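Engineer: Quick mapping for you: the protein sequence lines, in order, are chains A and B. Per our numbering, the first sequence starts with residue 12, numbered consecutively. Per our numbering, the second sequence starts with residue -9, numbered consecutively.
No wet-lab data here; the hints were simulated from the structure. No experiment lies behind these values; they were computed from the predicted model shown. A virtual CB, placed ideally from N, CA and C, is assigned to each residue, including glycine. Fair warning: there could be bad hints in the mix.
What the hints assert, rightly or not - Calculated cross-link-like contacts (lysine-lysine; reagent style BS3-like; alpha-carbon spacing at most 30 angstroms):
#1 B/Lys207 - B/Lys71
#2 B/Lys71 - A/Lys229
#3 B/Lys111 - B/Lys207
#4 A/Lys122 - B/Lys111
#5 B/Lys71 - B/Lys104
#6 A/Lys229 - B/Lys207
#7 A/Lys122 - B/Lys175
Unchecked claim - Pairwise CB distance ranges, derived in the manner of DEER restraints:
#8 B/Phe308 - A/Ser32: 20 to 26 angstroms
#9 B/Lys71 - A/Val300: 42 to 48 angstroms
#10 A/Val300 - B/Asp54: 49 to 55 angstroms
#11 B/Pro37 - A/Pro233: 34 to 40 angstroms
#12 A/Trp126 - B/Pro262: 23 to 29 angstroms
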Amino acid sequence: MAFAAFASSDAAVTKPPRRKSTIALVLLLPGILYMVLFFLTPLISLVITSFQAELPGGDIGDYIPGLQWQNYVDGASEYLPHILRAFGYALVATVFALIISYPIAYFIGVKARRWPLLQSMMLTLVIAPFFISFLLRTLAWKQILSDESPVVLALKAVAILPADGHLTGTPFAVIFGLTYNFIPFMTLPLYTTLERLDIRFLEAGSDLYASPATTFAKVTVPLSMPGIISGTLLTFIPAAGDYINASRDFLGSSKTAMLGNAIEANFLTLQNYPIAAALSIILMAVILVLVGVYVRRSGTEDLL
Amino acid sequence: MKTMSTFAEAGADLEFVDISKRFPGFTAIENLNLTIPAGSFFALLGPSGCGKTTTLRLVAGLEDPSEGRILIGGNDVTNTKSFQRPVNTVFQSYALFPHMTILENVAFGLRRRKIDDPLSKAHEALRLVELDHLAARRPAQLSGGQQQRVALARAIVNRPALLLLDEPLGALDLKLRRQMQLELKSIQTEIGLTFLHVTHDQEEAMTMADIVAVMNKGEIEQMGAPEQLYELPRTAFVANFLGQSNLFTGQVTESVADSITVAVAGRGIVVPRTRAQRHAGEVTIGVRPEKLLLHTEAPTDSAGINILGPGRVTDVSFSGVSTSYIVQMPGLGAVTVFAQNMVFGPVVNEGAEVWVSWTVDHGFGLEDEPTPGSRFPADASTSAIAIQRRAALETELEGA
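Just chain B, with the same shape it has in the complex (with noise of 0.2 angstroms):
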């Protein structure tokens, strides 16, 4: 074990060695491996009971794997304790010890590790949070987000080699969590610590994070950074959890050195073969709705762009910056598509007959087979969510 009197130099690396995590008649992580480099600002996204708080929880030594090893820094932490471990967490609940003032509450972890002057390092890390004029107030006096700067104040005045953030935000209304969104990513380039950030917030993820993991069932579907995740989705989930997405199905009727092209509604859509994870056989083939463009006539059939339609609106729907327009295409279902609003009101009506087209390297083709099987399908039974649920909480009584 390495000293623990000492602050972190910088951020650690964190490694997972296939690691899986059971609850009896519940996988909640199956054979995870990953690496997460020093420094980086890393967001877990996934829809709840994906297996990211579980994984949170392994870090911070709240859980134990069932098999695999977790590695800080290059060292072994698989059996170590949690309150031994270089790690800090910023609990969704906040969990600020309301017996003592929001000073002690700060200076807490200092204590324990004896460190020097746990107080004046207590107070500056309530400066960083703006919060140091209320150090002599307790936990119920604050506001919910004046306590969740307090909870972060708490877990980074001990400059861990690693910060996990579980849905921290989640409390907060939308204004707060957007200037705390870029508070935290501030303070992580400023101290320069390692975050492990763990949402369901898809936009959190991507405003904040260098890379982000779309965990599913267990397991991560894909990894990078936000922009490469959002433009160029591995799998039909991510091409839904992040963002929204027009997926179509079809047979790979053309492959030539550049590109693909799958027969779609009696249309051959053509799709950049370095976009595309599968170049044969019957693929699946998605494009952004932003990348759609509506036209009311039949659009001339040219190189590099792809033409679907005629189909007809069903729903135009105002959002501000855009408006989303959903069309039913004969053979294919309904096809989204989001119009920047540069005229007044909407461009076509409900009702009208159209063609949408997109520039072809904008397409994207997914990895997927056609129909995913769920991956753990023993599982979906309600009897296994109640196990699961008494699992949580028996893990959670355990840690008492």
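Bound conformation, chain A alone (with noise of 0.2 angstroms):
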């Protein structure tokens, strides 16, 4: 048949044009200096002090250079329940975050598309939080969670909080606050993707026999899936480290203090600096893993 014809013209692939330039180096030259100053050095710093072994007889705080590897199993193992709980709760967050955000932003991003008005007005709403400072806006929660308010005491006379139950200081508050906190973060790429998807694709879809949810499945997600995993990583990641929201001073107690309150508390008022240190390298160590696994099952490479 004719087709033949014309079968070869896929083979012309052309190769990107590649040129020396130093101008380029010079424009970068700047990001190096910053990130050798402001990320590798401290890195460097952190990864030493991490080995520090106890200056003998010294006061609390001392700490002489040393290779002591035992700090990483004394942290692990002290922290151990921190360690859990913040990666637990990061995750748990991020899926509740990703359920509210995917509806919020495929309304936006694909039914809202004839109101231009209305699509902008909604967009702010999502990022108006940001105008208001993370802290202020969590001690606001702790106020609506706390033991007195019409919240709880509602929740109480529905019997769905027993008499002596509390919402501040239980894992459900932090995951909350969490959860409240990077919404924004997961919207955002979501809309991105999402806006840009083509309706097309799912007249096609249904065209080839597939139910809207069937074509939700898909169609719809494969195609959002670069703005998923950036807002599941945009979320997962600055939550499991994070250390206000599990806070007792926030929405935590003891109780359920996370890994960046542990650290936290050894770096300030322990003073325990080695500990301390070793503990944000395996906070950072588990993450990178993590990612790097979860990027690559979900096949997008591309994207880091």
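Join the two chains, each given in its own frame, into one complex according to the hints.
Structural biologist: What follows is the structure in structure tokens.
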């Protein structure tokens, strides 16, 4: 058939033009300097600190350089519940944020396309909480969820909460706070991918015998995968290291302390710098491994 | 609902019963009645905005009619959701899923209907369009023509009773389009499905379709075999949308058993009675430019020949196989003549005084009123067009 005549047109793959350019290097220089000064140096300093040994007979907070692997073992075993809570809470909060954000992003990005004004108003509403400090917002939630608040009284009145129950200081409050605080980080990347979603693919799905639910699962979700991946990463990574929501001063209690709180306590209160540094490195390493596996499994390496 | 899990044995009839589709401030289709016989290649031809794509989307279930019913193979599908209709579409934009391989794109419909062995059937469909060697690629790695063939394979692999083609060749260059036209036609003959092809390209419609329906302003102006439409257009719109025509308006002066005579610019033009739609009063008659002969001297009157002239040639343009002459006739306006290039160079030059003649049998009479009013006069304003655009966008979004 005649198709063979123009089948070879795809063979002409052009190589991207490569140019040696010193200008590019010069332009990159400030960034490189910045990263060396403010990322690489502190990181190395942190690694060195994490191996420091206690000064025999010294004051609290006196440490000498050493190669004490024991710091990692001690930190990991002593703060294992904190580590598990950090990743557990972050995971649950990420899942909730995704479940809450996806419909919001879908509505703004797809359904509201015909009303640009509504679209921008809703986007503003999503971003609006950023105009107020993260700390103030979390403190406000502490007030709302506190023992004498109308919310708690109402929940007690309908016996959802037992008479001696609390909301603040529970894992629920911490996960609630994490979810709330990171929803914009989830919604915005989802919105940007869904906003570009071509409706004609959904029509094609429907034309090819896929019910609305199947079209969503087989077409909409895969096409919005870049947004899902970046949204979950933007939520999970900071949430795992967060120490505000779980702090006793905000929504948490000592029973809900996360790894971030343990690091904070070791750095600032106990002045056990090597343990604090070791915990920071552990946090970083676990996040790196989890994210690496996650991105690889979801088949979107090109995002990194 | 007929079973969806089997392939259609053959193409099915498609029937529109009193279909209307209105958008706010704009009527896309008005009272459409149409039957497309099973196994035919049916082309819906019209200018953009004439309602042909809306018609197609109504069949696919991507739009709901305001009124009327749609029947496929005798079953009323008006209230059937698009994913439950035995219909597949080759979209103008192809709409290949970018996150799937070519093979998975083609197998998509088969998997949804739980048909056995979807992959080997998908390979088979890809072999039909000679693209099986690219099965593992993604749509973005294919050229426009290849994507178009994948879109075709993705639709025909499902063996739908009815295949809808929404200007699928619009994005291709001329040579590729010609080849695809022939391929589409041969595939249709091979597998015997009913094809409904929407296009604004009159040449495409005429080469491919068994039946062409010319659509204008939400209504079908004329329907029939391509030769019949070309030979005997019934309205001025068809006469000029399908090829070109010279149209003259005049009073019927004589009406005999087998012909009528119309007074045009002081001469009597004879049209066979069977080729004229109206036989009395003021009528519009026409003749195709290639049927006209140019004369540099006044031809002698004879029975069976119509003569107009003298006129002056105002434009001569060469187009390869033929040369087109524009002749200004006093009291008539411009008359176009296509002459085969039997000799080198034009037969006459600009400014020459000429007469034109044609055989009586080549004329045709239209059924239009000599001054046809527009069908939806209230909608011609720009605000109506804006509303229509918005409505189209809204319905597009509603499908999401």
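Engineer: Going through the numbered hints above, which ones does this structure break? Give me the numbers in ascending order.
Structural biologist: Hint check: 3, 4, 6, 7, 8, 12 fail, others pass.
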